[in-house]
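Note that the protein sequences, when read in sequence, are chains A and B. Per my numbering, residue 1 is the first one in the first sequence, and the count goes up by one each step. Per my numbering, residue 364 is the first one in the second sequence, and the count goes up by one each step.
Check before you lean on any hint, since a few could be wrong.
[What the hints assert, rightly or not] In the EDC-like style, the derived pairs of lysine to aspartate or glutamate whose C-alpha atoms are separated by at most 20 Å in a straight line are:
1) Lys-306/A / Asp-349/A
2) Lys-191/A / Glu-179/A
3) Lys-454/B / Asp-224/A
4) Lys-388/B / Glu-49/A
5) Lys-442/B / Asp-405/B
6) Lys-454/B / Glu-179/A
7) Lys-388/B / Asp-204/A
Hints listed in this document are in silico derivations from the structure and should not be mistaken for laboratory results.
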Amino acid sequence: MSAVEPPLALLAEVTHRCPLQCPYCSNPLALERPANEMATADWLRAIAEAAELGCLQVHFSGGEPTARRDLEQLVAGATAAGLYTNLITSGVGWDARRLTALIEAGLEHVQLSFQDSGADIGERIGGYQGAHAKKLAAAKTVREAGLPLTANFVVHRQNLHHLPEMLDMAVTLGAHRAEIANVQYYGWALKNRAALMPSRAQLDEMTAAVAEARKRLEGILVIDYVVPDYYARRPKSCMGGWGRRFLNISPSGRVLPCHAAESIEGMAFDNVRQRSLVDIWRGSEAFNRFRGTAWMPEPCRSCDRKEIDWGGCRCQAFAITGDAARTDPACGLSDDHARLVDVAVTEADAGADGFIYRRYGAG
Amino acid sequence: MNERVQVGLESVPRLGPHMRLRHDKARGQWTIQAPERSFVLDQTAHAIVSRCDGKVALGTMIDDLCAAFPGAPRDVIEKDVLALVQNFVDKGVMQA
Chain A
1 MSAVEPPLAL LAEVTHRCPL QCPYCSNPLA LERPANEMAT ADWLRAIAEA
51 AELGCLQVHF SGGEPTARRD LEQLVAGATA AGLYTNLITS GVGWDARRLT
101 ALIEAGLEHV QLSFQDSGAD IGERIGGYQG AHAKKLAAAK TVREAGLPLT
151 ANFVVHRQNL HHLPEMLDMA VTLGAHRAEI ANVQYYGWAL KNRAALMPSR
201 AQLDEMTAAV AEARKRLEGI LVIDYVVPDY YARRPKSCMG GWGRRFLNIS
251 PSGRVLPCHA AESIEGMAFD NVRQRSLVDI WRGSEAFNRF RGTAWMPEPC
301 RSCDRKEIDW GGCRCQAFAI TGDAARTDPA CGLSDDHARL VDVAVTEADA
351 GADGFIYRRY GAG
Chain B
364 MNERVQVGLE SVPRLGPHMR LRHDKARGQW TIQAPERSFV LDQTAHAIVS
414 RCDGKVALGT MIDDLCAAFP GAPRDVIEKD VLALVQNFVD KGVMQA
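Chain A on its own, in the form it takes in the complex (with noise of 0.2 Å):
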């Protein structure tokens, strides 16, 4: 095997708590108690090694990642280190007060989730009355410290239909970039994928209108589209492969080649606390288990797009087929595949649009 290439970006879910209780929030069901969460010179020390690892970027995640109080030295800390920094932000918690103490501690960029183009459906998927005031608010605030800003929709049957809405909201804001981004099914999003898995034809519409949009608007607004995997052909490449790009540290220091890695049942993952990054990434069980093309069986081994995709997502292989080793069942080559769609299609069909909510407890 080929030296082991170095990651681009570090993803740092600094703490789990949250205001929101978004039904497909990407963190794990269970989530991590604040008691656990590590602490201010730990997560420094981590952000230093990821640097020296060949990181470029770290965004700095949660939950909410203002929740934090020490972000400003977390970010201090990436910006000496020489890291671009990032905040994903729900928007809710913070004001320009703070915003200024991040943007001197060295912040760049800033990603804000809007859970629907207005505060009706919005604030129903997010389970918080007066969030998309403050989200508004947050963005005129980016705005105006002159940080650049992209405006992030996580798109579902309950709110696709406002797509046009959205991204004439991100040019109205001044956002650089929207990312529309359908929702991924595994964790809290697959408890919840009947009350969010749209139809083929809303899919389609949908494509064909961002199509449309990126053209009406090309040098005003990007505009990054991640479609539902389900109705694609074959998988997208998660994580642009296995221990390959990113690394992600968890609240406690966990370090995982993604952020729902911890859902696949019988692996460990090393503890940052415990061991060097650099030595978590080159050596760990962990990261080498689904690394390169070795470990594919098929039809990936001898499959052409092995090294387009690598085998597409791990944890979605686990939580569809119990086995994370297999083929990702969004491939129109699994044999899982048919089963895969037909269940969530009827599920969709059926329609119901109640939500179990992501809260500490809850999953």
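Dock chain B against chain A, hints included.
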């Protein structure tokens, strides 16, 4: 500001706010670090981007590049420069 900027020889481009020209030591290459993006610059792209200082018009920059790379025809350099800068302006990485 909600209109596409057309890049031409009279444009005076520079990196946008919070877009950073950084050397990536681990991989030995120049990059632009941008929001959730990393653009790798080859030698030509680096020669162009590093000259986009918000003071020099592209016409003048092309003269300078012709002098620096005497082997390359002017029309090729001009085409490369305009395409690269337009692309970065469209992506919000540069302002012109």
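Structure-based check of each hint:
Note on Lys-306/A and Asp-349/A: the hinted pairing is violated, with a Cα-Cα distance of about 33 Å set against a maximum of 20 Å. For the proposed pair Lys-191/A and Glu-179/A, the alpha carbon gap of about 23 Å is over 20 Å, so the pair is violated. Of the supplied pair hints, the one linking Lys-454/B and Asp-224/A holds, its CA atoms being roughly 11 Å apart against a limit of 20 Å. Restraint check: the Cα-Cα separation between Lys-388/B and Glu-49/A comes to about 14 Å, which is no more than 20 Å; the hinted pair holds.
Restraint check: the Cα-Cα separation between Lys-442/B and Asp-405/B comes to about 16 Å, which is no more than 20 Å; the hinted pair holds. Our distance criterion of 20 Å between C-alpha atoms is met by Lys-454/B and Glu-179/A, whose separation comes to about 14 Å. The straight-line distance between the Cα atoms of Lys-388/B and Asp-204/A is roughly 43 Å, outside the 20 Å bound, and the hint therefore fails.
Checked against the numbered hints above, the structure violates hints 1, 2, 7; every other hint is satisfied.
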